[in-house]
Amino acid sequence: MQALEYAMKKTMYEKIWDSHLVVDEAGQAPLLYVDRHLMHEVTSPQAFEGLRLSGRKVRNPHSILATMDHCVPTKNRNLPIADPIAKKQIETMAENCRVNGLKLYDMTDPNNGVIHVVVPEHGFVHPGMVVVCGDSHTATHGAFGALAFGIGTSEVEHVMATQTLPQKKSKTMQVIVNGALSKFASAKDIALAITGKIGTAGGTGYVIEYTGSAIRDLSMEGRMTLCNMAIEAGARAGLVAPDEKTYAYLKGREFAPSAQYWDQALAYWKSLPSDQGAVFDATVTLDAADIAPQVSWGTSPEQVVGVDGVVPAPESFSDEIKRQACENALAYMGLTPNTQITDIPIDYVFIGSCTNGRIEDFRVAAEMAKGTKVAKGVTAIAVPGSYHVKQQAEEEGLDKIFIDAGWEWREPGCSMCLAMNGDELTKGQRSASTSNRNFEGRQGKGGRTHLVSPAMAAAAAAAGHFVDIRKL
Amino acid sequence: MEPYKKHESIAALMNRSNVDTDQIIPKQFLKKVERSGFGQHLFHDWRFNDDGSDNPEFELNKPAFKGAKILVAGDNFGCGSSREHAPWAIADYGFNTIISTSYADIFYNNCFKNGILAIKVDKSQLDKLMAEIADNEGVRFVVDLENQQVTTPGGNGFTFEIDPFRKGNLLSGLDDIGLTLKHVDKIEQYEQQHKKNYPWLWA
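For the record, the sequence lines run as chains A and B. Take 1 as the starting number for the first sequence in this note's numbering and just add one per residue. Take 473 as the starting number for the second sequence in this note's numbering and just add one per residue.
Note that these hints are calculated values from the structure, not bench results. Every value quoted in this text rests on a predicted model; they were computed, and no experiment measured them. Accuracy of the hints is not assured; some may be wrong.
[What the hints assert, rightly or not] Think about it this way: if two alpha-carbon atoms lie no more than 27 Å apart in a straight line, the pair counts; the simulated DSS-like pairs of lysine-lysine are:
#1 A:Lys57 <-> A:Lys103
#2 A:Lys87 <-> B:Lys504
#3 A:Lys171 <-> B:Lys595
#4 A:Lys169 <-> A:Lys9
#5 A:Lys183 <-> A:Lys370
#6 B:Lys667 <-> A:Lys103
#7 B:Lys592 <-> A:Lys171
#8 A:Lys168 <-> A:Lys9
#9 B:Lys504 <-> A:Lys88
#10 A:Lys168 <-> A:Lys15
#11 A:Lys15 <-> B:Lys658
#12 A:Lys370 <-> A:Lys400
#13 A:Lys10 <-> B:Lys667
#14 A:Lys57 <-> B:Lys658
#15 A:Lys15 <-> A:Lys270
#16 A:Lys445 <-> B:Lys538
#17 A:Lys169 <-> B:Lys592
#18 B:Lys504 <-> A:Lys103
#19 B:Lys668 <-> B:Lys654
Chain A with its partners taken away, still in its complex shape:
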């Protein structure tokens, strides 16, 4: 009897998985139902084309919310897009949404912004949902206790046509972060510290559930930042159990359950957290108090160190692959082993992206930028994640703080996170960036990216190099 009870205890992932199984038959992949489908201009056009060629229709247009974010300019938005290929992609998105009757926040819509910033603003994702998007940072929405993951374009087409996806069940990993985070560290630093600890393939095959007091203490926006980077640790998705913060965040938003259904939805949401004693396939533990503000030094998000650390030497890695990766990264990054992180000069600062483009991020950064001046030779851009973030920041006077400090205050978009819209580094330029990936060429061919939190980025802008913000 005891064994049976034990076996029935489920993780949150298993609960969501079980409740979304449409077909589970031997000899084929389980078919999972999809509640919400998010879209942007880069990974959808070929899916619409496929649908059109096969004569299929979008099964549930109401499950889809689309935006334009990757290719959109962050300045002179009133002018036509100069890049003809990007322009065509934007026009194709608009046409596809029009023909199929899909809700689209196009470039000029007051709701426009980065998909993973816009979707929570409108309460489009709720706890317990299965959410997909042709974008790996879909993991963001795990902050709400939704199973949210990135898919390829063929799968985008599959979901449009069938509202389902053949899926393989993932293993579960619990990442426990207990203790109090220093006021100088943030969700971004937790995410980078986890990736540093388990590596970019550490989570492959897993869905991570983040637990522990430091996670409960995070705001909803902090949880979004954390889950956003689950993919950087290789995980299919990241999850945080819903709680009072989640419910309070959702209440009253456009697509949140209406008053009529609120209590029913709430009762369901409260049933979702992992059962006491549910078994995870793997567990990783971190102490929040140990997490210093992080800075990436290499070309993979696992190559990170605390701001008080130094650039590692290849010899310091016993693993041959990691040693070689370090050597390659240092050559690309133009760094010498044992350089103090705080001695690394920077040319560019980018605050924004689906990782750190929300209002709390700009508040923290503005606090740091207040009364400072961007260092000589440094360009600093603040790119809100959405028009709503931009408007809120302007109401609070944050734009003035940035502008007075010599920053550029831009229109929303993915911007320099992946540099598709013309905002990019030139060869050899070095950035302090609040985005999620420091891959070679990510922010422009030959550009060198250091991933940091918004506070760290703003401090670096004023100093012209990285700064241990705990000592300011």
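Position chain B relative to chain A; hints supplied.
Chain B in isolation, oriented as in the chain A frame:
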């Protein structure tokens, strides 16, 4: 999708780990609205010099690897973004098989949607294959999906595991969506129940 057939082909060596999707197909090529024509941009930033000429240092530019259909690469291949442009570029360039110890999740799924067989081997097996290619650039391997077997002239052949569903789809070249739509009645049933259980999602 073309059915995957048994073939003998040159195996190209890419002895790097964590090859990410930004390298496979850099973002400046993601703006197209078609699926075709990405092969010319595969590994662009590594493959070409600033003036557009071939970078002779880049492994796939070695004459011995021209025409390779098999790519043997280091751990965690395809990490990073969900862009299906990555497997589109790989397939369009001419590869239909990748051999590595591990792949990023989304990339792995995307491969099979595009007729690319992504084979997983253990580290010691990968080391043997890499050594065989390094010693004999231009060596041809035989890949037999039906029998889940790879053979090499150097005697480093092996059998591999693969999900039967993925295998079947590759061999038949069948469209996943068509397969799923065979269950359309179950999808409808599920939706009816879903509407009862979670009415706020449909309000």
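Pair hint Lys57 (chain A) and Lys658 (chain B), alpha-carbon separation not exceeding 27 Å:
Roughly 18 Å between the alpha carbons, so the hint for Lys57 (chain A) and Lys658 (chain B) holds.
Checking one constraint from the list: CA of Lys169 (chain A) to CA of Lys592 (chain B), max 27 Å. Satisfied?
Roughly 18 Å between the alpha carbons, so the hint for Lys169 (chain A) and Lys592 (chain B) holds.
Starting from Lys445 (chain A), check that the Cα of Lys538 (chain B) is at most 27 Å away, please.
This hinted pair holds, its Cα atoms lying about 26 Å apart.
Distance restraint between Lys171 (chain A) and Lys595 (chain B), which requires alpha-carbon spacing of 27 Å or less
holds, 22 Å
Compare the distance between the alpha carbons of Lys168 (chain A) and Lys15 (chain A) with 27 Å, and conclude whether the hinted pair is satisfied.
holds, 15 Å
Could you grab the alpha-carbon distance between Lys592 (chain B) and Lys171 (chain A) and see if it respects the 27 Å cut-off?
At roughly 18 Å apart (the allowed maximum being 27 Å), Lys171 (chain A) and Lys592 (chain B) satisfy the hint.
Would you mind confirming whether the straight-line C-alpha gap from Lys668 (chain B) to Lys654 (chain B) stays at or under 27 Å?
holds, 24 Å
Given the hint that Lys168 (chain A) pairs with Lys9 (chain A), does the C-alpha gap stay at or below 27 Å?
holds, 21 Å
Would the pair Lys87 (chain A) and Lys504 (chain B) pass a check requiring their Cα atoms to be no farther apart than 27 Å?
This hinted pair holds, its Cα atoms lying about 10 Å apart.
Mind checking the alpha carbons of Lys15 (chain A) and Lys658 (chain B) for me, to see if they're no more than 27 Å apart?
Within the cut-off at roughly 20 Å; holds.
Compare the distance between the alpha carbons of Lys10 (chain A) and Lys667 (chain B) with 27 Å, and conclude whether the hinted pair is satisfied.
Given pair Lys10 (chain A), Lys667 (chain B) holds - Cα atoms ~24 Å apart, limit 27 Å.
Can the restraint linking Lys504 (chain B) and Lys88 (chain A) be considered satisfied, given a maximum Cα separation of 27 Å?
Holds, because 8 Å separates the two Cα atoms, which is no more than 27 Å.
Of the numbered hints given earlier, the model fails none.
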